[in-house]
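2 protein chains.
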Amino acid sequence: MNRWWNNMSRGFLLVLSGPSGAGKGTVCDALLKKNKGVVSSVSATTRKKRPGEVDGENYFFVSEEKFQEMIDNGEMLEYAHVHENMYGTPKKFAMDKVEEGEIVILEIDVQGALQIKKVYSDAIFIFLLPPNMDELKKRIVGRATETEHSIEIRYKNAFRELDFVEEYDYFVVNDTVEQAVKDVESIIEAEKHRVKRFKYIKEKVIGE
Amino acid sequence: MNRWWNNMSRGFLLVLSGPSGAGKGTVCDALLKKNKGVVSSVSATTRKKRPGEVDGENYFFVSEEKFQEMIDNGEMLEYAHVHENMYGTPKKFAMDKVEEGEIVILEIDVQGALQIKKVYSDAIFIFLLPPNMDELKKRIVGRATETEHSIEIRYKNAFRELDFVEEYDYFVVNDTVEQAVKDVESIIEAEKHRVKRFKYIKEKVIGE
Chain A
999 MNRWWNNMSR GFLLVLSGPS GAGKGTVCDA LLKKNKGVVS SVSATTRKKR PGEVDGENYF
1059 FVSEEKFQEM IDNGEMLEYA HVHENMYGTP KKFAMDKVEE GEIVILEIDV QGALQIKKVY
1119 SDAIFIFLLP PNMDELKKRI VGRATETEHS IEIRYKNAFR ELDFVEEYDY FVVNDTVEQA
1179 VKDVESIIEA EKHRVKRFKY IKEKVIGE
Chain B
999 MNRWWNNMSR GFLLVLSGPS GAGKGTVCDA LLKKNKGVVS SVSATTRKKR PGEVDGENYF
1059 FVSEEKFQEM IDNGEMLEYA HVHENMYGTP KKFAMDKVEE GEIVILEIDV QGALQIKKVY
1119 SDAIFIFLLP PNMDELKKRI VGRATETEHS IEIRYKNAFR ELDFVEEYDY FVVNDTVEQA
1179 VKDVESIIEA EKHRVKRFKY IKEKVIGE
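Going down the list, the sequences are from chains A and B.
Everything in the first sequence is counted per our numbering, starting at 999 for the first residue and increasing by one.
Everything in the second sequence is counted per our numbering, starting at 999 for the first residue and increasing by one.
A hint or two may mislead.
Identical chains blur together in the list; that is why a pair holds if it fits in one copy or across any two.
Unchecked claim - Derived lysine-lysine pairs resembling DSS-like cross-links, with alpha carbons at most 30 angstroms apart:
1) Lys-1034 / Lys-1089
2) Lys-1022 / Lys-1197
3) Lys-1135 / Lys-1200
4) Lys-1034 / Lys-1180
5) Lys-1154 / Lys-1194
6) Lys-1197 / Lys-1116
7) Lys-1154 / Lys-1197
8) Lys-1180 / Lys-1031
9) Lys-1022 / Lys-1194
10) Lys-1031 / Lys-1046
11) Lys-1200 / Lys-1022
12) Lys-1136 / Lys-1200
13) Lys-1197 / Lys-1064
14) Lys-1135 / Lys-1194
15) Lys-1032 / Lys-1194
16) Lys-1047 / Lys-1022
17) Lys-1115 / Lys-1095
18) Lys-1154 / Lys-1034
19) Lys-1136 / Lys-1194
20) Lys-1202 / Lys-1034
21) Lys-1197 / Lys-1180
22) Lys-1194 / Lys-1116
23) Lys-1194 / Lys-1115
24) Lys-1135 / Lys-1197
25) Lys-1135 / Lys-1202
26) Lys-1095 / Lys-1202
27) Lys-1202 / Lys-1116
28) Lys-1095 / Lys-1116
29) Lys-1032 / Lys-1180
For the record, the hints were derived by calculation from the structure and aren't laboratory data.
Since the model is a prediction, treat every value here as computed from it, not as a measurement.
Kindly generate the complete structure, drawing on both the sequences and the hints.
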């Protein structure tokens, strides 16, 4: 039997966002590992390629001029300065995958997600939350790389960013990574059953 | 820890609909059996109570006058004549459960679902589909109670009703009952993570 319902006419962009310390990276990695139908978005950056990194896989490595050109041409879903470098999400890579029926996941901070919402509201927006603020602080402190000053800044930013949860479609509490991944998987499964992601449903049922 | 995210501020009404032969009853029963957080809506009817039936459980048994009064007062989410009797979905019963944070499932034909959509678009609408028309015919024929004439009518109606899938939020193909139930469960899980179903998310995270 032709199981047409297992293949969307069009995929979607899943924006997994939230404050630092919520555990976006961990949840995203675990999700990608478990789900073959989900692919990762690839960012563009102006920073230098490090040993072992592959262009088009880890990042699209581009010059500052090229990056600016992409912004000017509206080719970025979002972008930001981080220290001396630019990072952004090229629209074309993600949209091509979506058109092929794939689910493209984009792990990104709150500022980036809000930028995307303005230019591409068709994406699914998930806000990843810590169960409470103590746990959030613990996770930020747990990163050996942070100074006391940067911990304070991250914590304050996280507190402020929680206001934006109302802008998102869904929220998931990262109490345990396992449960958070399951919750995101349920959201993905549900979204795969959206009528709007399929063309010609009746025609498919009646076999035309 | 206070796992606030396991309790919605407000539940929702889940309308499980589709043509006859799609298997609404079977999927709905299996779903209710497996999921304690999901409750069934109770219809009102003017038909006589049969032995063993309980008022307020199987149906709300009401007089024709009372039924008409409920329609006139806008107390019905939908209603229909079936032979000499009236059947309808009283709004109050379902809405009270929703306000208590429960998920209320309503198994209903396409005409009824479309009526509900007009007066209560906050509900979640799922269209249950047969995998193909041969299977649908088999299922309709499989009901010993049907005459050849009524089989023909049901099949034609089903064919026509497939047009309305576009009006629904989600579709689920009832290829196997087990998978269909899983799909509906994913939709329920996802909808439980809707930001709009929770009040004061930030306040809950920061513990206020």
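Exercise. Using 30 angstroms as the alpha-carbon threshold, which applies to Lys-1194 and Lys-1115: within, between, both, or neither?
Worked result: So Lys-1194 and Lys-1115 pass the 30 angstroms test inside a copy (19 angstroms) and across (17 angstroms) alike.
For this session: Give the relationship of Lys-1197 and Lys-1180 under a CA distance limit of 30 angstroms: within one copy only, between copies only, both, or neither.
Result: both (28 angstroms within a copy, 23 angstroms between copies)
Exercise. Is it within, between, both, or neither for Lys-1032 and Lys-1180, if the alpha carbons may be no more than 30 angstroms apart?
Worked result: both (10 angstroms within a copy, 18 angstroms between copies)
Problem set entry | 30 angstroms Cα threshold - placement of Lys-1089 relative to Lys-1034 | Classified as within: same-chain Cα gap 22 angstroms, cross-chain 43 angstroms, threshold 30 angstroms.
Exercise. Is it within a copy, between copies, both, or neither that the alpha carbon of Lys-1202 lies no farther than 30 angstroms from that of Lys-1116?
Worked result: Between. Shortest inter-copy distance 27 angstroms satisfies the 30 angstroms Cα cut-off; intra-copy 34 angstroms does not.
For this session: Evaluate Lys-1154 and Lys-1034 at a C-alpha cut-off of 30 angstroms and name the case that applies: within, between, both or neither.
Result: neither (36 angstroms within a copy, 40 angstroms between copies)
For this session: Measure nothing new, just compare the shortest in-copy and cross-copy C-alpha distances for Lys-1115 and Lys-1095 to 30 angstroms and report within, between, both or neither.
Result: within (19 angstroms within a copy, 34 angstroms between copies)
For this session: Pop the pair Lys-1095 and Lys-1116 into one bin, within, between, both or neither, using alpha-carbon distances up to 30 angstroms.
Result: Within one copy only: 20 angstroms inside, 36 angstroms across.
For this session: Using 30 angstroms as the alpha carbon limit, work out where Lys-1197 and Lys-1116 are close: within a copy, between copies, both or neither.
Result: Both ways: Lys-1197 and Lys-1116 sit 26 angstroms apart in one copy and 24 angstroms across, limit 30 angstroms.
Problem set entry | Within, between, both or neither, where Lys-1022 and Lys-1194 count as close if Cα-Cα is 30 angstroms or less | Result: close both inside a copy and across copies, 28 angstroms intra and 22 angstroms inter.
Problem set entry | Status of Lys-1200 relative to Lys-1135 across identical chains (alpha carbons, at most 30 angstroms) | between (51 angstroms within a copy, 15 angstroms between copies)
For this session: Since the copies are identical, ignore which copy is meant and state whether Lys-1202 and Lys-1034 lie within 30 angstroms (CA to CA) inside a copy, between copies, both or neither.
Result: Only inside one copy: Lys-1202 and Lys-1034 sit 25 angstroms apart there, 34 angstroms across copies, limit 30 angstroms.
The structure fails to meet hints 13 and 18 from the earlier list, while all remaining hints are met.
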